[in-house]
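Asker: Each protein sequence line maps, in turn, to chains C and S. Read left to right, the first sequence gives residues 173 to 538 (my numbering). Read left to right, the second sequence gives residues 173 to 538 (my numbering).
Restricting the straight-line Cα-Cα distance to at most 27 Å, the calculated cross-link-like pairs of lysine-lysine (BS3-like) are:
id	chain 1	residue 1	chain 2	residue 2
1	C	K482	S	K482
2	C	K326	C	K238
3	C	K348	S	K416
4	C	K355	S	K416
5	C	K421	S	K355
6	S	K421	C	K355
7	S	K352	C	K421
8	S	K355	C	K416
9	C	K416	S	K534
10	C	K534	S	K416
Since the hints were derived computationally from the structure, they do not count as laboratory data. In this text, all values refer to a predicted model and were calculated from it rather than measured experimentally.
Protein chains: 2
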Amino acid sequence: MSSINRRTFIDRSLKGAGVTLVASSVGRSLTAAPQESRKIGYALVGLGNYSTHQLAPALKETVHSKLAGIVTGSPRKIPNWKVRHGLADAHIYNYENFDSIADDSAIDVVYVVLPNSMHKEYTIRAAEAGKHVLCEKPMALNAAECREMIAACKANGVFLGMGYRLHYEPHHRLVKDFAKGEKLGVPTYFQGEFAFRIGGPGQWRLKKELAGGGAMMDVGVYCVQGARYAFGEEPVAVRAQEFKTDPVKFAEVDETISWQMEFPSGAVANCTTSYNARTNRLYVSYENGVVEIEPAYGYGGIQGRINFDKMEFPAVNQQAIHMDAFALEIMEGRPPAISGEEGLRDMVVIDALYESIQNHGKRITL
Amino acid sequence: MSSINRRTFIDRSLKGAGVTLVASSVGRSLTAAPQESRKIGYALVGLGNYSTHQLAPALKETVHSKLAGIVTGSPRKIPNWKVRHGLADAHIYNYENFDSIADDSAIDVVYVVLPNSMHKEYTIRAAEAGKHVLCEKPMALNAAECREMIAACKANGVFLGMGYRLHYEPHHRLVKDFAKGEKLGVPTYFQGEFAFRIGGPGQWRLKKELAGGGAMMDVGVYCVQGARYAFGEEPVAVRAQEFKTDPVKFAEVDETISWQMEFPSGAVANCTTSYNARTNRLYVSYENGVVEIEPAYGYGGIQGRINFDKMEFPAVNQQAIHMDAFALEIMEGRPPAISGEEGLRDMVVIDALYESIQNHGKRITL
Chain C
173 MSSINRRTFI DRSLKGAGVT LVASSVGRSL TAAPQESRKI GYALVGLGNY
223 STHQLAPALK ETVHSKLAGI VTGSPRKIPN WKVRHGLADA HIYNYENFDS
273 IADDSAIDVV YVVLPNSMHK EYTIRAAEAG KHVLCEKPMA LNAAECREMI
323 AACKANGVFL GMGYRLHYEP HHRLVKDFAK GEKLGVPTYF QGEFAFRIGG
373 PGQWRLKKEL AGGGAMMDVG VYCVQGARYA FGEEPVAVRA QEFKTDPVKF
423 AEVDETISWQ MEFPSGAVAN CTTSYNARTN RLYVSYENGV VEIEPAYGYG
473 GIQGRINFDK MEFPAVNQQA IHMDAFALEI MEGRPPAISG EEGLRDMVVI
523 DALYESIQNH GKRITL
Chain S
173 MSSINRRTFI DRSLKGAGVT LVASSVGRSL TAAPQESRKI GYALVGLGNY
223 STHQLAPALK ETVHSKLAGI VTGSPRKIPN WKVRHGLADA HIYNYENFDS
273 IADDSAIDVV YVVLPNSMHK EYTIRAAEAG KHVLCEKPMA LNAAECREMI
323 AACKANGVFL GMGYRLHYEP HHRLVKDFAK GEKLGVPTYF QGEFAFRIGG
373 PGQWRLKKEL AGGGAMMDVG VYCVQGARYA FGEEPVAVRA QEFKTDPVKF
423 AEVDETISWQ MEFPSGAVAN CTTSYNARTN RLYVSYENGV VEIEPAYGYG
473 GIQGRINFDK MEFPAVNQQA IHMDAFALEI MEGRPPAISG EEGLRDMVVI
523 DALYESIQNH GKRITL
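Just chain C, same shape as in the assembly (with noise of 0.2 Å):
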């Protein structure tokens, strides 16, 4: 029987719509628990704080996911998780021996949680042992990397999921909703900002061979993504600007990008990411009306409000949904709804603001 967060429940409309709602339960007893099925075992490639405070404390909440191996390149870990998650020797691989979890039929999916640069070769790796890949973001170093790994998972037969988890959080579902324009009419501007004050040098982020690039890489794509499914359409050109501070710290990647998007529809979008300032947020104008969600980026926290009144969303477990999304979309046989599809679009744009960067802030068509 799964292990039931008192705080949450996934409800169990989730197994009809393919996604996916969280209530709030706190003091509420679950009156009926979901039924007894095979859940899909997720192994964790890269044991670093994602994994370790995110990841797995979520796959105690799934209904229908579990943690079932690890891969770690540092072998000091794996005491630890063994004994925190009961994990067998026979499940846990290391970067040399990682290929041989094709054997390993309790593994079904493998989620990559690696530094940008090793997105490519362990989702290509994963889908050769014949395993389903959710890949964190950003989903690799450009779009030529991404559709390697679309085309490697479809010549194995497996599945690609993106870790897009603020697909399964309330207030971004409803401005993903509100694109139709039924609700506030037609979104005509989208606001992004995703920026945090780095640390210290020395960490993989600041070094171009792993990370591929600076904030944007990193946070900048949760607001080219926020774009896309605000207006619910693909950009049809894109212009960046870029600010740098502190060219020592910021020698290799980039500290401060602005960048605007122009939509078919007409609509624009205009953002900034930062390693070098704070802020968290994404606004959407449309004909008659507002949304903001802010903070917006977290996995918790999340606050959102319509023309100014607050929103009042169920607390979520993003990832526990996310990862039982993906679950039940191996079990039904349904293609992800966030494919590695999503990821390659994100990486054209991105690709599209480096390359108006490198020309001073040409507008580039898509």
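Take the given structure of chain C and dock chain S to it, following the hints.
Answerer: Chain S in isolation, oriented as in the chain C frame:
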């Protein structure tokens, strides 16, 4: 004796500091009335919404200022103004006899509240009539006009102030103060957005000859201003991007512009203005915190947060405080704090923004 509004009173420390505190005094009796003194007489030139619904009412809440005359090209408006404000015919002018205002000793200040294209002419004519001038934003159609206006006021020995009322609004005063870096560290990023959905065609704001430009001239200027006082320095380079969805309605003026400003400290601003969206926000990220004002630029209802905690400031009548501050500057012979040079500096930036647009987003150094 001055008319004291029950809801607000102007702190008498204003007289000492040269500026301006207003405390909420709802239900509170004024224990000491301000000293009897001569009041500075304002003539409002242009009796549109802003004069009618903001400035004239504000002049009933001032301590050192009063409505002393009007200038209008619409005779039908006169009777109502006479009744509501007790104005004698001797102080009511039209655009033909405007220059005879020179002989009207009741009028100390001409407040120019006309379409943008008329700011230069009426500022210069007022200066030549020996009157001090308060000029609405944007100061003029371009920086060259601003320089002529400044020169005319200087030549005639009168003060020229800009109607930048937000310098007298507590949230914005805090942002100005925080530029020094003593409270939250150095500011590194500014986000300014001011946009509204403009009404039907026919209004002067859509005519280039009268407005000089569109959303940028009308409301974008607030973000240019905001970035300058948030950082406490002058921009060294700018870039801008224009977007247009309705080339008929916006045949003559800009609909949507995004732009970036670079400052000597390395601080960056990314801003948007539009006649086809709704947004009204000022956001500053500092080394050690953030300040957000939203809505930011209205005549009232301004709200702000420091590190996401709501700031509690009393409601103020920005226009009343500003006009009184200018009145005191005149009485005490102190050059205005918010001077024509302030307006000029913004217009230098705006000229460069339009130049950038005409050069496909080229970085323009200032």
